[in-house]
Amino acid sequence: MAKHVFITGASSGLGMALAQAYAQEGCKLGLLGRRHVVLQELAESLPCEAKVYVADVCDRQAVHAAAEDFLQFCGQKIDIVIASAGISVGVLTEELDDFQVSERVMQTNVMGTWATFEPFVSAMKKQRSGTLVGIASVAGIRGLPGAGAYSASKAAVIAYCESLRLEMQPCGVRVVTISPGYVRTAMTEKNPYGMPFILSAPEFAQRAKRAISKGRSYVVIPWPMGVVSRIMRYLPNVIYDRLARNAPRKPRHK
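Anchor point for the sequence shown: position 226 equals 226 in full-length UniProt numbering, and the numbering is continuous, going up by one each time.
Certain hints may be false.
Said to hold, decoys possible - Below, in silico cross-link-like pairs of lysine-lysine (DSBU-like), each with a Cα-Cα straight-line distance of 30 angstroms or less: (1) 51 <-> 214; (2) 125 <-> 190; (3) 214 <-> 77; (4) 125 <-> 214; (5) 125 <-> 51; (6) 77 <-> 190; (7) 3 <-> 214; (8) 3 <-> 51; (9) 51 <-> 77; (10) 125 <-> 77; (11) 214 <-> 126; (12) 3 <-> 190; (13) 77 <-> 3; (14) 126 <-> 190.
Said to hold, decoys possible - Distance windows between CB atoms, simulated: (15) 58 <-> 200: 27 to 33 angstroms; (16) 246 <-> 49: 49 to 55 angstroms; (17) 125 <-> 235: 19 to 25 angstroms; (18) 202 <-> 118: 17 to 23 angstroms; (19) 172 <-> 75: 14 to 20 angstroms; (20) 162 <-> 35: 30 to 36 angstroms; (21) 235 <-> 49: 31 to 37 angstroms; (22) 246 <-> 103: 39 to 45 angstroms; (23) 58 <-> 128: 44 to 50 angstroms.
These are computed hints drawn from the structure, not numbers from a lab.
Glycine is no exception: its CB is placed at the ideal position from the N, C-alpha and C atoms.
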């Protein structure tokens, strides 16, 4: 059973739900997010020890400082690191204002995952155990119209975690990639379209926790969305384009 778990994006959505799920096991938690008040309230509500770190995952130095402090808190023993921080907005390439927004999405979702993992790798290699968990998305399996930045960022997370998995295997360190379908969070509540197979955040967290404990290399949650995504992956472009080009789109950023 995991004892020491570090989670980014813990002040909302999937990260908060995962923190609550692991707290039920009595784990010592490191909770990193941007909203201090929310993080503090979360930590105080949990039935376990939890350290709060207020930082943006785009601030690599701050993430490293948090990781180093948590490793000291845990006696240099780390079991699970979950890179859950992420953002999703609608963007269009022809809109010049969307360039910086897309850059922020890529920086948060991709390099934020990298910055979360890198300070823990040496400790995990030394102890020859531990699990690094990247939260991707089914949106990273094929490009979605109006979501170029998000789809590209999550595709990059999937490929990055696969590369890292191969690097870490000889060291006894697992890398788990989780691609959520639709989960009921603040990120999805404004979607102006139906969301099939949608899960509550607590239900997603329980399923994710099971996948992590089993060391699954890659999993889509929920599984029916995994079936859909696998079909979509192998559709010829001419068929996929016909199905997806007029799909409902996430609203552009404000």
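To see whether the hints hold, each was checked on the structure:
1. Between residue 51 and residue 214 the CA atoms are separated by roughly 26 angstroms; this keeps the pair inside 30 angstroms, and the hint holds.
2. Only pairs whose Cα atoms come within 30 angstroms are accepted, and residue 125 paired with residue 190 is rejected, the gap being roughly 41 angstroms.
3. Of the supplied pair hints, the one linking residue 214 and residue 77 holds, its CA atoms being roughly 20 angstroms apart against a limit of 30 angstroms.
4. Restraint check for residue 125 and residue 214: satisfied, since their Cα atoms lie roughly 19 angstroms apart, inside the 30 angstroms limit.
5. Taken as a hint, the residue 125 and residue 51 pair is honoured in the structure, with Cα atoms around 24 angstroms apart against an allowance of 30 angstroms.
6. Of the pairs offered as hints, the one joining residue 77 and residue 190 is violated, with about 40 angstroms between alpha carbons and a cut-off of 30 angstroms exceeded.
7. With a C-alpha separation of about 16 angstroms, the suggested pairing of residue 3 with residue 214 holds against the 30 angstroms cut-off.
8. For a cut-off of 30 angstroms, the pair hint linking residue 3 to residue 51 stands: about 14 angstroms separates their Cα positions.
9. A hinted pair counts as satisfied when its Cα atoms are at most 30 angstroms apart, and residue 51 with residue 77 qualifies at roughly 15 angstroms.
10. Proximity of residue 125 to residue 77 is assessed by CA-CA distance (about 11 angstroms); at most 30 angstroms being required, the pair is judged to hold.
11. Annotation: proposed proximity of residue 214 to residue 126 holds, straight-line Cα distance about 22 angstroms (limit 30 angstroms).
12. About 36 angstroms separates the Cα atoms of residue 3 and residue 190, which puts this hinted pair outside 30 angstroms; it is violated.
13. A C-alpha spacing of about 9 angstroms is found between residue 77 and residue 3, which places the hinted pair at or below 30 angstroms, so the restraint holds.
14. Taking the CA atoms of residue 126 and residue 190, the gap is near 44 angstroms; set against the 30 angstroms cutoff, the hint is violated.
15. For residue 58 paired with residue 200, a C-beta distance near 29 angstroms keeps the hint of 27 to 33 angstroms intact.
16. With their beta carbons about 50 angstroms apart, residue 246 and residue 49 fall inside the hinted range of 49 to 55 angstroms.
17. The given range of 19 to 25 angstroms is broken by residue 125 and residue 235, whose C-beta atoms sit roughly 40 angstroms from each other.
18. The hint said 17 to 23 angstroms for the Cβ distance between residue 202 and residue 118, and at roughly 30 angstroms that hint is violated.
19. At roughly 19 angstroms, the beta-carbon separation of residue 172 and residue 75 lies within the given 14 to 20 angstroms, and the hint holds.
20. As the Cβ distance of residue 162 to residue 35 is approximately 31 angstroms, the hint placing it in 30 to 36 angstroms holds.
21. A hinted range of 31 to 37 angstroms is violated for the C-beta pair residue 235 and residue 49, which are about 48 angstroms apart.
22. Range check, residue 246 to residue 103: Cβ separation about 27 angstroms, and the 39 to 45 angstroms hint is violated.
23. A hinted range of 44 to 50 angstroms for the beta carbons of residue 58 and residue 128 is inconsistent with their spacing of about 31 angstroms.
Hints 2, 6, 12, 14, 17, 18, 21, 22, 23 from the list above are not met by this structure, while the remaining hints are.
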